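*Asks:* Turn these sequences into a full structure, and let the hints guide you.
Heads up: the protein sequence lines correspond to chains X and P, in order.
Heads up: the first sequence runs through residues 7 to 102, numbered per our numbering.
Heads up: the second sequence runs through residues 7 to 102, numbered per our numbering.
A portion of the hints provided could be inaccurate.
A pair holds if it fits inside one copy or across any two, identical chains being indistinguishable in the list.
[Unchecked claim] Pairs of lysine-lysine residues, derived as DSSO-like cross-links and limited to a Cα-Cα distance of at most 30 Å, are as follows:
no.: 1; residue 1: 100; residue 2: 18
no.: 2; residue 1: 100; residue 2: 21
no.: 3; residue 1: 101; residue 2: 18
no.: 4; residue 1: 64; residue 2: 30
no.: 5; residue 1: 101; residue 2: 21
no.: 6; residue 1: 64; residue 2: 74
no.: 7; residue 1: 18; residue 2: 38
no.: 8; residue 1: 18; residue 2: 53
no.: 9; residue 1: 21; residue 2: 74
no.: 10; residue 1: 30; residue 2: 18
What the hints contain is simulated information worked out from the structure, not anything from laboratory work.
Keep in mind that this is a model prediction, so the values were computed, not measured.
Protein chains: 2
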Amino acid sequence: MTIRVVAKNQVKPEKVQEFMGLCKNLIEETLKEEGCIEYGVYQELEKPEILTMLEEWKDESSLDQHIKSDHFREIFPLLSECLEKETEINIYRKKL
Amino acid sequence: MTIRVVAKNQVKPEKVQEFMGLCKNLIEETLKEEGCIEYGVYQELEKPEILTMLEEWKDESSLDQHIKSDHFREIFPLLSECLEKETEINIYRKKL
Chain X
7 MTIRVVAKNQ VKPEKVQEFM GLCKNLIEET LKEEGCIEYG VYQELEKPEI LTMLEEWKDE
67 SSLDQHIKSD HFREIFPLLS ECLEKETEIN IYRKKL
Chain P
7 MTIRVVAKNQ VKPEKVQEFM GLCKNLIEET LKEEGCIEYG VYQELEKPEI LTMLEEWKDE
67 SSLDQHIKSD HFREIFPLLS ECLEKETEIN IYRKKL
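*Replies:* This is the structure we're talking about:
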């Protein structure tokens with residue numbers, strides 16, 4: 007069964023453009039990974055500084071490999087510098 | 007463009023079975039709604055009491071109609087009684 011990731015970011019208002027630029031590179035590389043089914047950045051309708059990655063992976067091992075990839079290890083620390091607080095990450099499996 | 011909803015619930019440990027039973031009914035009815043693309047309940051891998059609805063709707067008007075539907079208005083208050091705290095709801099549109 008696939009797994010789903012919700013990685014919710016509260017971005018500093020003055021850093022939204024920078025954050026989006028970094029995400030563009032990250033998404034481009036991530037979509038090439040084997041096991042990546044979906045990987046996109048979504049904006050909250052009422053709070054535009056909430057920018058959340060919604061992801062779907064073939065299995066946990068695909069996600070592990072993503073976390074170890076060069077592009078993730080390079081870009082994630084730069085993304086973190088754009089945030090008001092640490093990314094809130096939840097990893098899910100479908101129940102119903 | 008479709009919209010995505012993440013509705014995160016922290017369920018009281020002793021209420022997980024009841025919550026899941028209510029969700030089963032809600033999902034069955036919701037999937038029949040026009041404009042519902044996805045509607046499922048997902049469990050956090052490390053925190054099994056976190057049970058989150060991941061939803062996709064054709065547009066905001068489909069979501070509005072869902073909120074007004076008989077099955078939602080009937081079941082949502084019962085779900086709420088199973089929770090440690092209020093559902094955290096975010097509504098998103100894809101940016102990248």
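*Asks:* Evaluate each hint against the coordinates.
*Replies:* Evaluation of the provided hints:
For the identical chains of this complex, residue 100 and residue 18 are inter-copy neighbours only, at 19 Å across copies versus 32 Å inside a copy, given an alpha-carbon limit of 30 Å. In this assembly of identical chains, the alpha carbons of residue 100 and residue 21 lie at most 30 Å apart only when taken from different copies (18 Å versus 34 Å within one copy). In the homo-oligomer, the alpha carbons of residue 101 and residue 18 lie at most 30 Å apart only across protomers (17 Å), although the nearest pairing inside one protomer, at 34 Å, exceeds that limit. Taking the closest pair of Cα atoms, residue 64 and residue 30 come within 30 Å of each other both inside a single copy (22 Å) and across two copies (25 Å).
For the homomeric pair residue 101 and residue 21, the shortest alpha-carbon distance between copies (16 Å) is at most 30 Å, but the shortest distance inside one copy (37 Å) is not. Within a single copy, residue 64 and residue 74 get their C-alpha atoms as close as 16 Å, which meets the 30 Å cut-off; across copies the closest is 35 Å, which misses it. In this assembly of identical chains, residue 18 and residue 38 lie within 30 Å of each other by CA distance solely inside one copy; the values are 29 Å within and 40 Å between copies. When the C-alpha separation of residue 18 and residue 53 is checked against a cutoff of 30 Å, the pair qualifies both within a copy, at 12 Å, and between copies, at 28 Å.
Within a single copy, residue 21 and residue 74 get their C-alpha atoms as close as 25 Å, which meets the 30 Å cut-off; across copies the closest is 37 Å, which misses it. Taking CA atoms no more than 30 Å apart as the test, residue 30 paired with residue 18 passes inside one copy only; the shortest distance there is 18 Å, against 39 Å between copies.
Figure legend: structure checked against the earlier numbered hints; every hint is met.
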